[in-house]
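K.L.:
As given, the protein sequences belong to chains B and S, one line each in that order. Those letters in the first sequence? Residues 1 to 112, by my numbering. Those letters in the second sequence? Residues 1001 to 1111, by my numbering.
Mixed in with the good hints, there may be bad ones.
Unchecked claim - The list that follows gives simulated cross-link-like pairs (lysine-lysine, DSSO-like), each with its CA atoms no further than 30 Å apart: (1) S:LYS1002 to S:LYS1067; (2) S:LYS1002 to S:LYS1103; (3) S:LYS1098 to S:LYS1042; (4) S:LYS1098 to B:LYS70; (5) S:LYS1067 to S:LYS1056; (6) B:LYS57 to S:LYS1103; (7) S:LYS1098 to B:LYS57; (8) S:LYS1067 to S:LYS1098; (9) S:LYS1002 to B:LYS57; (10) S:LYS1002 to S:LYS1042; (11) S:LYS1042 to S:LYS1103; (12) B:LYS57 to B:LYS70; (13) B:LYS11 to B:LYS53; (14) B:LYS53 to S:LYS1098; (15) S:LYS1103 to B:LYS11; (16) B:LYS11 to S:LYS1098; (17) B:LYS70 to S:LYS1067; (18) B:LYS11 to S:LYS1042; (19) S:LYS1002 to S:LYS1056; (20) S:LYS1056 to S:LYS1103; (21) B:LYS53 to S:LYS1002; (22) S:LYS1067 to B:LYS57; (23) B:LYS57 to S:LYS1042.
I should point out that these hints are in silico values taken from the structure, not numbers from a laboratory.
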Amino acid sequence: DAGITQSPRHKVTETGTPVTLRCHQTENHRYMYWYRQDPGHGLRLIHYSYGVKDTDKGEVSDGYSVSRSKTEDFLLTLESATSSQTSVYFCAITPGQGYEQYFGPGTRLTVT
Amino acid sequence: QKEVEQNSGPLSVPEGAIASLNCTYSDRGSQSFFWYRQYSGKSPELIMSIYSNGDKEDGRFTAQLNKASQYVSLLIRDSQPSDSATYLCAVNMGRDDKIIFGKGTRLHILP
């Protein structure tokens, strides 16, 4: 267990509503990542963070924002949820560049 | 475009046989290579990492890396039904903090 939790684990929301997913780690790792996983697309990086208040975009960042105000928490916000954002969202952490990533349990989000 | 390619499968292997999973990557400067196992409805779980050319063994698993051919593989010896899962190849292409994942190969071990 890499000491990563995600909340909520399941969520159903309506189109147009804002949604925030939380990733919490107890490892004090510097790097944190948000991915989405969809059939036929695999894992795709949304945003990542390389330190408190330091974030950058991944390949599918449109419609998402992130914040990291403390080392242990990395928040992913869907500003106005759309049906295309129905997916499974995974958080991951790593102690440093080039090292393996460890994944949280995932959040299954359904946008109706 | 940085890419990691895997055959989607399914790859069917009899119980007790060797399962061979393959992966190619596009960036010759790649430095770190990982294999993850993902059961249906679960998160990816790291099973092997490899950083230099050659073989690395861990129990029934062997990772093989050939940087000249831009190829990494995973061998599973004495395959068990519990090995049935999707296997993800992942590559850190050396220049930033990101890992690129392949889409995964579904492995089915036949009892």
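K.L.:
Now tell me if each hint is right for this structure.
P.N.:
Hint check results:
Proposed proximity of LYS1002 (chain S) and LYS1067 (chain S) is supported: the alpha carbons are some 15 Å apart, at most 30 Å. As the CA atoms of LYS1002 (chain S) and LYS1103 (chain S) are separated by approximately 13 Å, the hinted pair is consistent with the 30 Å bound. Straight-line distance between C-alpha atoms of LYS1098 (chain S) and LYS1042 (chain S) comes to about 22 Å, which keeps the hinted pair within the 30 Å bound. Annotation: proposed proximity of LYS1098 (chain S) to LYS70 (chain B) holds, straight-line Cα distance about 21 Å (limit 30 Å).
Note on LYS1067 (chain S) and LYS1056 (chain S): the hinted pairing holds, with a Cα-Cα distance of about 14 Å set against a maximum of 30 Å. As the CA atoms of LYS57 (chain B) and LYS1103 (chain S) are separated by approximately 20 Å, the hinted pair is consistent with the 30 Å bound. Proposed proximity of LYS1098 (chain S) and LYS57 (chain B) is supported: the alpha carbons are some 11 Å apart, at most 30 Å. A distance of roughly 19 Å separates the Cα atoms of LYS1067 (chain S) and LYS1098 (chain S); the hinted pair therefore holds under the 30 Å criterion.
At most 30 Å may separate the alpha-carbon atoms for a hinted pair to count; LYS1002 (chain S) and LYS57 (chain B) meet this at roughly 16 Å. The suggested pairing of LYS1002 (chain S) with LYS1042 (chain S) holds, with an alpha-carbon distance near 26 Å, which does not exceed 30 Å. Of the pairs offered as hints, the one joining LYS1042 (chain S) and LYS1103 (chain S) holds, with about 15 Å between alpha carbons and a cut-off of 30 Å not exceeded. Distance hint between LYS57 (chain B) and LYS70 (chain B) is fulfilled; the C-alpha atoms sit about 19 Å from each other, no more than 30 Å.
For the hint pairing LYS11 (chain B) with LYS53 (chain B), the CA-to-CA distance comes to about 26 Å; that is within 30 Å, so the pair holds. The suggested pairing of LYS53 (chain B) with LYS1098 (chain S) holds, with an alpha-carbon distance near 18 Å, which does not exceed 30 Å. Restraint check: the Cα-Cα separation between LYS1103 (chain S) and LYS11 (chain B) comes to about 25 Å, which is no more than 30 Å; the hinted pair holds. Taking the CA atoms of LYS11 (chain B) and LYS1098 (chain S), the gap is near 27 Å; set against the 30 Å cutoff, the hint holds.
At most 30 Å may separate the alpha-carbon atoms for a hinted pair to count; LYS70 (chain B) and LYS1067 (chain S) exceed this at roughly 38 Å. A distance of roughly 16 Å separates the Cα atoms of LYS11 (chain B) and LYS1042 (chain S); the hinted pair therefore holds under the 30 Å criterion. About 25 Å separates the Cα atoms of LYS1002 (chain S) and LYS1056 (chain S), which keeps this hinted pair within 30 Å; it holds. In summary, the hint linking LYS1056 (chain S) to LYS1103 (chain S) is supported, as the alpha carbons are separated by about 23 Å, within the 30 Å threshold.
Of the supplied pair hints, the one linking LYS53 (chain B) and LYS1002 (chain S) holds, its CA atoms being roughly 27 Å apart against a limit of 30 Å. Using a Cα cut-off of 30 Å, the hinted pair LYS1067 (chain S) and LYS57 (chain B) holds, with the two alpha carbons roughly 28 Å apart. Note on LYS57 (chain B) and LYS1042 (chain S): the hinted pairing holds, with a Cα-Cα distance of about 25 Å set against a maximum of 30 Å.
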